[in-house]
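Enquirer: One letter stands for each residue in the lines below.
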Amino acid sequence: MHIQTTEVTDTFAEAFKMSAARVIITAETDQWAMTAAQSATGFATSVIGCRCEMGIETALSADETPDQRPGVSVLLFAGSAKGVGNRLAERIGQSVMTCPTTACFNGLEGAQEHVAVGEKLRYFGDGYQASKVLNGRKIWRIPVMEGEFLIDDAFGVQAAVGGGNLLLLGKDMSSTLSAAEVAARAMRKVPGVILPFPGGIVRSGSKPGSRYKALPASTNDAYCPTLRGSAAKTELSEEIGCVLEIVVDGLEEASVGEAMRQGMHAAAGEGLVQITAGNYGGNLGQYQIKLHALLQS
Amino acid sequence: MKLTLHTAPEVPLEAEVIGPTSLNGLTEAEVSALTVHHGNRKEALGEFFTVTGKMNGRLELEGDLSFVKLLGKGMSGGQMIIDGNVSGHLGVGMSGGRIVVNGNAQDWVGEDMKGGSIIIKGNAGHMVGCVVRGAEVGMQGGEIIVHGNCKNEAGGGLRRGLIAIGGNSGDFTGLNMLAGSIFVLGEMGIRTGAGMKRGSIVSMKPAQMLPTFSYSCTYQPIFLRFYLNYLRELGLVIDDAWLTGSYQRWCGDSIELNKGEILLYHS
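Order-wise, the sequence lines are chains X and S.
Position one of the first sequence corresponds to residue 1 (my numbering), numbered consecutively onward.
Position one of the second sequence corresponds to residue 1001 (my numbering), numbered consecutively onward.
Heads up, a few of these hints could be off.
Stated by the list, open to error - A partial selection of chain X residues facing chain S, derived with a Cβ cut-off under 8 Å:
#: 1; residue: Ala103
#: 2; residue: Gln129
#: 3; residue: Ala130
#: 4; residue: Lys132
#: 5; residue: Ile139
#: 6; residue: Arg141
#: 7; residue: Val144
#: 8; residue: Glu148
#: 9; residue: Leu150
#: 10; residue: Asp153
#: 11; residue: Ala293
#: 12; residue: Gln296
Rather than coming from a laboratory, the hints here were simulated on the basis of the structure.
C-beta atoms are modelled at their ideal positions from N, C-alpha and C, and glycine is treated no differently.
Construct all of the structure, not just a fragment, from the sequences and the given hints.
Expert: The following block contains the structure:
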């Protein structure tokens, strides 16, 4: 199957069941809300090394947030609800509570499961913290030097999908990067997804395992153009000079698929030779998101 | 079901049997036969009220109930809509449901309340949501919204929940308050928050502070937006400036824990 001149391989992205939370960060200005969001989502590219994956979902106007201030919606993914709770407490505590004027709210109000976050962070108030319960919502007011940090007592957690991906194969770095940038921009517009890697794009795609026992993952040699002549196996034809990957996590499988579909359409064109996806033969992940099926939907 | 007052009681009528929970499942005849206390005499409810309709979770009362006490006592669900004024002890010990009074209520609204909501469209008397004499803990949950004014000791001993007064409150608002929130959109009387341990008292007008309260700062408490928007949804008149404005924060009462706060709208 082709989109314009770009071949789309008949394969699937192997994705995993994860747990996720949506966090609404607000602040006095949209710049400070974004600053806090960028800090909170930093170093959260992969559960392999960061214990969670996190990214900015979208910016929110004042009329879309609980406290009627400008905000940013971010999503956090981890392997379990407990992991989500722990990572939220760490990242909100260090990157949001510390940021001037911010407040932090649960963005999954309909979730069946909740994890304690404000309930943990309240102890920073050293006995001066105060809770407020209004219409079923419990909020903590934690005194800080600038005023008060406001945070929901608990955050909703829901089942989610992590590890949707596209592999973009091009002739050279320049054309492949351009295609990936366009794809990432298109994918970010889909609600309920994040692209956790820097700029949404990852160059160091990995395979599970390594010849070194301590490493859970190592370079995806079959997709490294520089190893085409030496690796045990290559997936690259001779015209491929660069491969970039876009990883997408989403609150629903459908949103991950839609982001991948948008990404393929946006990336395809003269500069891109082939689009494929990473999988492990269907042996590890709970989801198989088939590229051709997405394009036919 | 609807209860219409046809004979006004000459002395206070204690009608604690009237409420959506206690009347649930009863027929018109059974409701009419229920016992009420007219002064020191036992009478049938039907001697004062005409009962019509079936209970479906909503109970309507009509007439001047200024001598009818204890309506909605212990109710745990459903709605009770009262078109007229009511006497005291409305919703005593209620744990759920909703009472709406399209009129005024006398003293002790929501005494020992644990949940649910009471909305008074007119004025209320003394001791709104107040602890009973001799007890330490007052209202433990729920909401009391008074669109008009109330008299003394609103929220005395409040432990949890929300009391909002659209107009003015009398003296000793939040007396011995333990926690929870009291909003007075108008003026408060003297000795606000006396003996309070924790909790918040918020007013949109200047107030005289007890000497055992200390001024902390003037700031913009973001959490107030949640409350003010909620009160606006409930029909209270909320000035937009209150949402984003600055408030003086006074801490007290220092004769107790000194962890309570009085927030006064500044500008």
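Enquirer: Now tell me, hint by hint, if it's right for this structure.
Expert: Hints versus structure:
{"no.": "1", "hint": "Ala103", "in the structure": "holds, 6 Å"}
{"no.": "2", "hint": "Gln129", "in the structure": "violated, 10 Å"}
{"no.": "3", "hint": "Ala130", "in the structure": "holds, 7 Å"}
{"no.": "4", "hint": "Lys132", "in the structure": "holds, 6 Å"}
{"no.": "5", "hint": "Ile139", "in the structure": "holds, 6 Å"}
{"no.": "6", "hint": "Arg141", "in the structure": "holds, 6 Å"}
{"no.": "7", "hint": "Val144", "in the structure": "violated, 11 Å"}
{"no.": "8", "hint": "Glu148", "in the structure": "holds, 6 Å"}
{"no.": "9", "hint": "Leu150", "in the structure": "holds, 5 Å"}
{"no.": "10", "hint": "Asp153", "in the structure": "violated, 13 Å"}
{"no.": "11", "hint": "Ala293", "in the structure": "violated, 45 Å"}
{"no.": "12", "hint": "Gln296", "in the structure": "violated, 46 Å"}
Against the hints set out earlier in the document, violations occur for numbers 2, 7, 10, 11 and 12.
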